[in-house]
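Enquirer: Based on the hints, put chain B in the right spot on chain A.
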Amino acid sequence: MPVVSFREALNQAMDEEMTRDERVFLMGEEVAQYNGAYKVSQGMLAKWGAKRIIDTPIAEAGFAGIGIGAAMAGLRPIVEFMTWNFSLVAYDQLVNNAAKMYYMSGGQFNVPIVFRGPGGAAHGLAATHSQALEAIYAHVAGLKVIMPSNPKDAKGLLKSAIRDENPIIFIESEVMYGDKGEIPEGEYTIPIGQGEIRREGSDVTVVSWSKILQRVTIKAVEELEKDGVDVELIDPRTIKPMDWELIFNSVKKTNRLVIVEEGWPFAGVGAQIAYEVGKNVFDYLDAPIERVTQEDVPMPYAHSLEIRSLPSVERVVAAVNKVLYRD
Amino acid sequence: MATKIMMPKLSDTMEEGVILKWHRKEGEKIKQGEILAEIESDKADMELEAYDSGVVRKIVIPEGGKAPIGALIAIIGSADEDINDLLKEGGAPPQKEAHISPEQKQPASIATAPASPPPSLSPHQEPTPIVAARPADGRVKASPVAKRLATEHRLNLATIPGSGPQGRIIKRDIEGVLSGKISVAAPPAATIRPGTSEEVSLSPIRKTIAKRMSESKLAAPHFYVTMDIDMEPAMAFREQVNNATDIKLSFTDIIIKAAAAALMKHPLVNGTYLGDKIRQHHYAHIGVAVALDDGLVTPVIRNCEQKRLDQINRELRGLVERARNRKLKPEEYQGSTFTISNLGMFGVEDFVAIINPPEGAILAIGSIVERPVVKNGQIVIGHTMKVTLSSDHRIIDGAVAARFLQDFKKFMESPAALTL
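Note that the protein sequences, when read in sequence, are chains A and B. Position 126 of the first sequence, counting from 1, maps to 126 under my numbering, and the rest follow consecutively. Position 392 of the second sequence, counting from 1, maps to 1392 under my numbering, and the rest follow consecutively.
Bound conformation, chain A alone (with noise of 0.2 angstroms):
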């Protein structure tokens, strides 16, 4: 299987979607002068032209809100966010406009456009440029948010957003851009909505996605494998909706479950879950469910104060440790 990084994935992933369906072009800051601030779009002015590859200015709301109107109007737009925290510029359009036209319309204009960049904390770049926004758009009623961890999600998944009928939050992350994964030959998709479970394992589950699960959580549960302890590692890649019988069947047969994600704590994705699975599976659990989060404050500057705000394998083995009853 070809090995590609993450920004080629998403390439890979929009060329073959303007290839299969004329409707699909793609709009944002430098994306097509200067393939793109990730250079996730490199290459792709000098294929398509200006026509479909369009640079905008630096005009959020502006250009968020050109998207849905050619999405209403029966293109299919990819609009990239240089980040996701310059979505909150846009944030009117994608809330009461993106998630809401097909009900307001009474289902005459459904909105079929992905909007798409990188989410989270990077390095150093503080409060206002390192925020996980997930769970502020996981709540909004009419959007999906997808979030893949690895190349091969990665483009699968984009490939189904694109397709898809619905205005689609897909969160990718600066740090993950360049890391290589294998994918699979030729022409495949991955359903929005189905989790995968990335390692089996009987002694507890850890829910965990997009950079912190590669980052963070795969190395506390290779630190906890050194401790003989078997985890059950799911990577939901859609945040909503979300793949509940995965989590559930997994809750089932270990009894415990932990959650490790990067946002902050209040009403944070990782809360749904715990909701969910204490409605759904009570009956199977044996240690309350515990939560590795952000902590509750604006992303600080200083980097050791960075790295002490975010999830760190210490405290995911913590967590873990703690529902085994083993702290």
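FYI, nobody ran anything at the bench for these hints, they're computed from the structure. Values in this document were obtained by computation on a predicted structure and should not be read as measured data. Please note that a few of the clues may not be correct.
To be verified - Okay, derived cross-link-like pairs now, DSSO-like style, lysine-lysine, Cα gap no bigger than 27 angstroms in a straight line: (1) B:K1265 x A:K322; (2) A:K253 x B:K1181; (3) B:K1066 x B:K1327; (4) B:K1141 x A:K252; (5) A:K47 x A:K152; (6) A:K279 x B:K1141; (7) B:K1386 x B:K1265.
Expert: Just chain B now, with coordinates in the frame of chain A:
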């Protein structure tokens, strides 16, 4: 600042307590509200919560040790402060009494006060719930999966030791029992060598019984009145109820209800002697003596005069079970106005009981016996039961006791009247 932890007063009659278990060792941290120790009082085993967070600096009374109320049992403080002064100060009188209700605080020398007449009980003097010491409320803590597994395998969770926080029973405990690694059986009995004697120190419950029974018999001039009850109507009534409903009525249920009905007609028998006056209760809170391995306890059914037989039946079952498991809450064994003691199930035909102070009387119930009786001038086989009322002559005279028993007999022999 370091705080002294004193032996709390966990029941009205408690004078000293035994530390069953310390949940923290010296040097370990504890948070406010976490369980610090388990303490055996004269009535039940209770949990003592920490009312401050800190480090357990000193355990003064070890597990198994006894201490009077107000005695210093431990010190909680910060890890490095000097506690020598506190240790020198020692215990009583208690200085921090978050766990003792205000009324009980007045006599600071409870532990050393001469035996005073037991406080009389009335609704406005119901014992105040203890704040910091949570009674073992009969709730077994178990994780959801442990509960499910226990149900599947028909295990009694109450018999399984929990290894989780605060004794929570978790999956591995159930698996341990199922695999035979954890034993739920009682510890093996000690072997006794012939020709030897041994001294066993009194358990708190035994001490309370000894003290209260002596006090009662010395202070209250007892006299006894016995009466024969024809039990055939009650037997027929019970059979009818048990055949027609899901209720499994016991003779004790009927006796409690008949006694409550008779007490309402004879308030003196339901009274308390107060030295210069008599307190008469307009409700029948009836205590039922329940035998334990090492003593007895009398759970109370309140307002029996208002309760239906099926309510009494249900309540009594719950109380007896909790009494046997030593899980009664103080309000479940305090405040009775009259007591019933039944030894009929042991084949005892009749006996006399000692009044349970501060009550005025107690009814001793014998077994139902088959014997020849004269009915309509004919000798026939009948079923009778002897009951003996022990009365405090300071408030109850012979005729009062006799009239009470006449009414009790009337109700027992016309049980349908108890359903009105």
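Enquirer: Confirm or reject each hint.
Expert: Now for the hints, and whether the structure bears them out:
no. : hint              : result
1   : B:K1265 x A:K322  : 62 angstroms, violated
2   : A:K253 x B:K1181  : 22 angstroms, holds
3   : B:K1066 x B:K1327 : 21 angstroms, holds
4   : B:K1141 x A:K252  : 20 angstroms, holds
5   : A:K47 x A:K152    : 23 angstroms, holds
6   : A:K279 x B:K1141  : 19 angstroms, holds
7   : B:K1386 x B:K1265 : 21 angstroms, holds
In this structure, the one hint that does not hold is number 1.
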